[in-house]
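**Q** Quick note, the sequences are listed as chains W and C, same order.
Residue numbers for the first sequence follow my numbering, so the first one is 1 and each next one is one higher.
Residue numbers for the second sequence follow my numbering, so the first one is 275 and each next one is one higher.
It should be emphasised that the hints constitute simulated quantities derived from the structure, not laboratory data.
Where hints are given, some of them may not hold.
DSS-like, lysine-lysine: derived pairs with alpha carbons at most 30 angstroms apart [to be verified]:
no., chain 1, residue 1, chain 2, residue 2
1, W, K5, C, K292
2, C, K338, C, K521
3, W, K166, C, K292
4, W, K166, W, K87
5, W, K166, W, K85
6, W, K166, C, K521
7, C, K292, W, K87
8, C, K323, C, K338
9, W, K5, C, K323
10, W, K234, C, K380
11, C, K323, C, K521
12, C, K292, W, K85
13, W, K166, C, K338
14, C, K338, W, K89
15, W, K89, W, K5
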Amino acid sequence: MRQLKPLARRLLASPYIVWAVLFVLAPMVFVVYYSFTDRSGAWTLENILGLGSYAQLFGRSIWYSIVATLLCFLLAYPLALALCKMKVKTQRILVMLVMLPMWMSFLIRTYAWLVLLQDEGIVNHWLDALSLPRFHMINTPGAVILGMVYNYLPFMILPIYTTLSKLDGSLHEAAHDLGANAAQTLWRVTLPLSLPGIASGITMVLVPSISTFYISQKMSTGNIFMIGDMIEQKFVMDYDLNMGAALSLALMVMVIVSMMVMRRFTDNEGEVIP
Amino acid sequence: MTKPQGAEHRLARTQRGKGAWVSAMYALIIFLFLYAPMVVMVVISFNGKNSIVEMDGFSFRWYKEFAENRALMTGLRNTLILALCASGAATLIGTAAAIALDAWKKSLTRSALMVVTDIPMMAPDIVTGISMMLMFVLFGTIVGNGGSLGFGTLLIAHITFCVPYVILSVLPRLRQMDPHLAEAAMDLGCTPFAAFRRVVLPNITSSIVTGALMAFTLSLDDFVISHFTTSGSFNTLPLEIYSITRKPVRPSIFALSTLIFVGIFLLLLLINFAQSRAERKTIR
Numbered sequence: 001m002r003q004l005k006p007l008a009r010r011l012l013a014s015p016y017i018v019w020a021v022l023f024v025l026a027p028m029v030f031v032v033y034y035s036f037t038d039r040s041g042a043w044t045l046e047n048i049l050g051l052g053s054y055a056q057l058f059g060r061s062i063w064y065s066i067v068a069t070l071l072c073f074l075l076a077y078p079l080a081l082a083l084c085k086m087k088v089k090t091q092r093i094l095v096m097l098v099m100l101p102m103w104m105s106f107l108i109r110t111y112a113w114l115v116l117l118q119d120e121g122i123v124n125h126w127l128d129a130l131s132l133p134r135f136h137m138i139n140t141p142g143a144v145i146l147g148m149v150y151n152y153l154p155f156m157i158l159p160i161y162t163t164l165s166k167l168d169g170s171l172h173e174a175a176h177d178l179g180a181n182a183a184q185t186l187w188r189v190t191l192p193l194s195l196p197g198i199a200s201g202i203t204m205v206l207v208p209s210i211s212t213f214y215i216s217q218k219m220s221t222g223n224i225f226m227i228g229d230m231i232e233q234k235f236v237m238d239y240d241l242n243m244g245a246a247l248s249l250a251l252m253v254m255v256i257v258s259m260m261v262m263r264r265f266t267d268n269e270g271e272v273i274p
Numbered sequence: 275m276t277k278p279q280g281a282e283h284r285l286a287r288t289q290r291g292k293g294a295w296v297s298a299m300y301a302l303i304i305f306l307f308l309y310a311p312m313v314v315m316v317v318i319s320f321n322g323k324n325s326i327v328e329m330d331g332f333s334f335r336w337y338k339e340f341a342e343n344r345a346l347m348t349g350l351r352n353t354l355i356l357a358l359c360a361s362g363a364a365t366l367i368g369t370a371a372a373i374a375l376d377a378w379k380k381s382l383t384r385s386a387l388m389v390v391t392d393i394p395m396m397a398p399d400i401v402t403g404i405s406m407m408l409m410f411v412l413f414g415t416i417v418g419n420g421g422s423l424g425f426g427t428l429l430i431a432h433i434t435f436c437v438p439y440v441i442l443s444v445l446p447r448l449r450q451m452d453p454h455l456a457e458a459a460m461d462l463g464c465t466p467f468a469a470f471r472r473v474v475l476p477n478i479t480s481s482i483v484t485g486a487l488m489a490f491t492l493s494l495d496d497f498v499i500s501h502f503t504t505s506g507s508f509n510t511l512p513l514e515i516y517s518i519t520r521k522p523v524r525p526s527i528f529a530l531s532t533l534i535f536v537g538i539f540l541l542l543l544l545i546n547f548a549q550s551r552a553e554r555k556t557i558r
């Protein structure tokens with residue numbers, strides 16, 4: 001319907017435009033408004049200046065989420081490569097199996113890791129039965145990062161797989177014919193061509209990792225605080241909406257900056273759905 | 275591809291065979307990692323004993339306990355109602371918007387709209403959630419009901435984060451369509467509406483269904499945004515699960531998640547089926 005009349009077009013688009021202005025844009029304005037006001041509604045810079053005292057929290061969130069993203073990439077890329085080499089029917093089934101956990105309550109799945117790994121958990125139970133030494137995992141940064149990698153790995157696998165599966169196979173043959181070995185082909189042909197998929201994978205893992213609160217809460221039994229935990233606490237426990245808004249604003253700015261960096265590698269408009 | 279010959283051919287094949295074996299092993303390890311928690315919860319849901327660590331015997335008692343749990347059942351009902359309403363509304367708004375966006379020439383408004391569509395998808399859930407909460411609370415204070423959060427605010431929030439997925443599912447399909455088809459229908463005497471109903475709509479139905487299912491599952495599973503946009507008056511299942519996992523849990527929660535697992539599995543099969551049928555259609 002490319003030849004839709006302007007009136008019809010406007011009529012069709014208007015519900016969405018109204019909706020987006022009211023419930024996407026306006027709320028963002030409110031975040032900014034609350035960040036720059038105090039409890040009584042007077043303008044202040046106190047919240048923004050106060051962000052400095054949360055520097056350690058921000059640092060920890062950034063660090064953990066970068067490590068988690070890197071691990072996701074290292075695990076996902078070989079898998080995506082392996083998937084592409086399989087039969088088309090197998091590929092389809094396995095991709096569905098990658099997506100399946102994404103649609104299960106991440107609360108329960110994360111909790112299941114706690115059940116597995118806690119000091120009195122299933123794994124330690126088995127180690128006891130085999131009279132092997134126990135291991136301590138929950139409450140360490142490693143546990144939080146494991147939670148992130150586990151939850152967001154599919155977000156890395158799917159976009160990389162999508163770009164890899166669209167690559168023209170004759171490029172590999174050409175590289176091979178021109179004398180490149182498997183490693184050289186991977187490094188100089190496949191990897192550069194799959195950059196758009198890698199970039200969207202990185203954003204899709206980094207954004208939820210940096211802002212998580214449930215994963216850190218569970219995997220550290222509330223002892224390792226991340227920026228998401230602090231925002232949640234400000235809103236739900238302390239009811240300090242202004243400081244909470246300022247923290248969210250800072251988080252949003254960080255996310256936008258990292259997305260702008262990543263956008264440089266993807267040219268299409270928002271192709272997130274595989 | 276030309277056929278390699280003799281020894282070279284055999285070498286290539288054994289190398290590929292070995293490669294395939296390594297890839298299969300690697301895939302297996304990753305899938306074990308992805309499914310370890312699922313296995314835990316399925317096994318424990320049949321535990322005969324009240325423990326989430328030690329297995330002892332087999333029983334359905336946790337399924338019974340879950341079915342008798344008032345809060346969880348209400349949560350489940352609320353979640354389904356909310357997901358149906360939200361995905362229905364999101365599908366209508368999103369499909370209309372996609373059709374309009376497809377007809378739009380490149381312009382500032384169109385690009386602005388595409389950017390706005392990206393916001394709920396790319397913003398961290400926690401920011402989307404609190405931004406809406408702030409607005410609802412302030413609006414509530416102005417109206418004078420003390421910023422009451424409940425079904426209404428949840429529905430608004432869910433529709434908001436679902437619409438972009440519908441748009442980004444339907445829009446590419448419209449783009450792939452031959453624009454001359456609708457023109458031809460109109461040349462042959464169809465009114466624009468009839469041309470839409472009889473030519474365009476059948477072509478995009480599968481993408482609308484995919485978008486609607488995606489919206490439905492997203493709404494079903496959302497915790498973070500719901501966490502901030504409701505108060506105790508209307509709790510969905512993920513919110514109930516959240517409050518349950520704050521305390522030591524009983525195996526009944528795993529019975530519930532096993533059931534969800536099966537449900538989602540069936541839904542995914544349906545999506546897969548719809549997709550492969552759509553593909554067969556395009557080939558034909």
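**Q** Identify every previously stated hint that the structure contradicts and give their numbers, smallest first.
**A** 1, 6, 9, 10, 13, 14, 15
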